[in-house]
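Novice: Line by line, the protein sequences are chains B and Y. Heads up: the first sequence runs through residues 1 to 128, numbered per our numbering. Heads up: the second sequence runs through residues 1001 to 1487, numbered per our numbering.
Quick caveat, the hints were computed from the structure, so don't treat them as lab data. It is possible that some hints are incorrect.
Listed below are the simulated DSS-like cross-link pairs for lysine-lysine, each with C-alpha atoms no more than 25 Å apart in a straight line [unchecked claim]:
hint, chain 1, residue 1, chain 2, residue 2
1, B, LYS111, Y, LYS1152
2, Y, LYS1152, B, LYS54
3, Y, LYS1163, Y, LYS1152
4, Y, LYS1480, B, LYS54
5, B, LYS112, Y, LYS1152
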Amino acid sequence: MPQDHYPVLLALGLALALGVVMLMLSALMSRRMGGRVSLDTYESGEPLLDRSHKRISVLFFLIAIDFVVFDVEAAFLYPWALVIREGGWPLFWAMMVFVGLILVGFAYIWKKGGLDLRPERQKRSLRG
Amino acid sequence: MDSIQPQEFLLLVPEIVLASAGMLLLLTGTLKTSNGYRLCAAISLAALALTAVLLLIQGIPGAPRVILSGMFIVDGYSFFWKLLFLVASAFTVLLSDRFLSDGGYRPAEFYSLILLATTGMLFMASGYSLLSIWISLELMALSSYILAGYFKHQTKSNEAALKYFILGALSSGILVYGISLLYGATGTIQLDELAAALPAALALETGSRLAAAGWLLLAMGLFFKVAAVPFHVWTPDVYEGAPTPVTVFLATASKAASFAILVRIFYQALPALAPDWQWITAAIAVVTMIWGNLAALTQTNVKRMLAYSSVAHAGYVLIGVLAATEDGLWAVLFYLFAYTFITIGTFGTVILLERKEYAGETYSDYAGLAQRSPFLAAMMLVFMLALTGIPPTGGFFGKIYLFAAAVESGWIWVAVVGVLTSAISLFYYIGIGVQMYLKESGDDTPSALHAPGLVGTIAVCAVITVLLGILPEPLVQFAKSSLVGLL
Chain B
1 MPQDHYPVLL ALGLALALGV VMLMLSALMS RRMGGRVSLD TYESGEPLLD RSHKRISVLF
61 FLIAIDFVVF DVEAAFLYPW ALVIREGGWP LFWAMMVFVG LILVGFAYIW KKGGLDLRPE
121 RQKRSLRG
Chain Y
1001 MDSIQPQEFL LLVPEIVLAS AGMLLLLTGT LKTSNGYRLC AAISLAALAL TAVLLLIQGI
1061 PGAPRVILSG MFIVDGYSFF WKLLFLVASA FTVLLSDRFL SDGGYRPAEF YSLILLATTG
1121 MLFMASGYSL LSIWISLELM ALSSYILAGY FKHQTKSNEA ALKYFILGAL SSGILVYGIS
1181 LLYGATGTIQ LDELAAALPA ALALETGSRL AAAGWLLLAM GLFFKVAAVP FHVWTPDVYE
1241 GAPTPVTVFL ATASKAASFA ILVRIFYQAL PALAPDWQWI TAAIAVVTMI WGNLAALTQT
1301 NVKRMLAYSS VAHAGYVLIG VLAATEDGLW AVLFYLFAYT FITIGTFGTV ILLERKEYAG
1361 ETYSDYAGLA QRSPFLAAMM LVFMLALTGI PPTGGFFGKI YLFAAAVESG WIWVAVVGVL
1421 TSAISLFYYI GIGVQMYLKE SGDDTPSALH APGLVGTIAV CAVITVLLGI LPEPLVQFAK
1481 SSLVGLL
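If we strip away everything but chain B, and leave its shape as in the complex, we get (with noise of 0.2 Å):
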């Protein structure tokens, strides 16, 4: 019933109006100081360690690919065991179809090298 939703509705909306008036209040209340420092990541004038939007290795990318090649199995392969009494071999089958096809990408994965996870330059003078 929409009805019983009254509450939820009411706390949606308390909440809102709170965060807004907190905001403007702030917006309307505080003085400005302007200059560099008050922009700064840490006005308290602790510096920063490193830039936040830099540029991320590719690598970090390819390991959470490879990451998601396994953990898809893995999460199939959780359920199956615990029915796979019941469901016997054709079930067993199934699963065998299915793990086939994961080590195809995983076959893929390791001959092109994705699985070397050290920096390329790194691989080139190993090779070289």
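Could you slot chain Y onto chain B? The hints should help.
Specialist: Using the frame of chain B, we list chain Y on its own:
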């Protein structure tokens, strides 16, 4: 769960063979000696041919057979589409050969993705549950995203892939959301059960709202895939930026596959909503025809013009869909069949005239082509006439059948818009003819016809285009016979 008979898998052998071949090709890509362009093309052509042979051995199914607990159906309708997809993929492979070797791009992964996308299309044609249809669609779409960005050192290709991926992923999300709402309204995702449960759901207040939201979202996702206005914005950029053989693949096989599931879902799952989707489809068809043709008029790049023309043609096909009669349906099959060959031929000619990746795509590059290469100019003229719908070409009968079906079922105003916009399309199609035959060319270097696979493909497509314009009856019979059990 219903018990699944092992012999049901026999009906899916063509798909299994094709998928295995795709993975085999992927593995050959890891071999050191994998730069065999000819070898990879030969393997994929052999795989496609083997799949087609297996399909033909199964023959045209007499009565529809629902298999694997209602996941898939094998009927005449799926048979028709599967043959068309296999042929379109084989031609794509033939068109790609020179393109890949010229650019130095790896062939194994490319052909592997083509085969896997085709596998997805075959499953789409057979899909009988919204879930299996959606997953097959994703197999096709994910492969297509990578294919669109295959020229990875070209910014244009990257742009095409990214735009296609983001908009495609969004539309897939919309599609699956619509499916979930329909499931909520009816409690099933199998097409025939959904059709049976829908009237009862529509009688309830919440059920009818859920179903309405569900099918509208579903239709939006499908209209996106067939590139109908206003869901077409990705088309020109993707068609222009993707490697031209991939553009062929997207404009023919991928578009036909999307129409295959659109028709099946509308006709087999949503007959209870027919008046609603007829109106929506009519509105979309009219807007698509007008916008596609007007936008195509203003283009200077041939690939972009063909992209908008493909949008416009999606509009024509939708006319046949909204007629909701048997005549309208076989007209859709006929049109998409003819359109596939015409489009492959057109883009084949474009590929032969392209020099390095994206050069040679503007209208002025076609100036004086009749002197440089009379053969290519004549072929291009045939395809342009066919796209306009001028006899004696397959495009003429395709349009006649579509418009006649619309008139018979009472959608006269839609057919009138179709005829008028076809007249508009004459300007830009014939514009290329004018460039080729009446303008002087800047350079006199004769176009080389050094790619036998390409030239053969173009010639075969031209012959089929003209044949369909003289003898449409066999294809009409085939299309009619493949509708058994669908309506």
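Novice: LYS1152/Y and LYS54/B were given as a pair; does the straight-line alpha-carbon distance stay at or below 25 Å?
Specialist: Holds: LYS1152/Y and LYS54/B sit about 22 Å apart, inside 25 Å.
Novice: Hint check: LYS1480/Y vs LYS54/B, CA-CA at most 25 Å. Holds or violated?
Specialist: This hinted pair is violated, its Cα atoms lying about 60 Å apart.
Novice: Are the Cα atoms of LYS111/B and LYS1152/Y separated by 25 Å or less?
Specialist: holds, 21 Å
Novice: Are the Cα positions of LYS112/B and LYS1152/Y separated by 25 Å at most?
Specialist: holds, 17 Å
Novice: Does LYS1152/Y lie within 25 Å of LYS1163/Y when you go C-alpha to C-alpha?
Specialist: Status holds; Cα separation ~14 Å.
In this structure, the one hint that does not hold is number 4.
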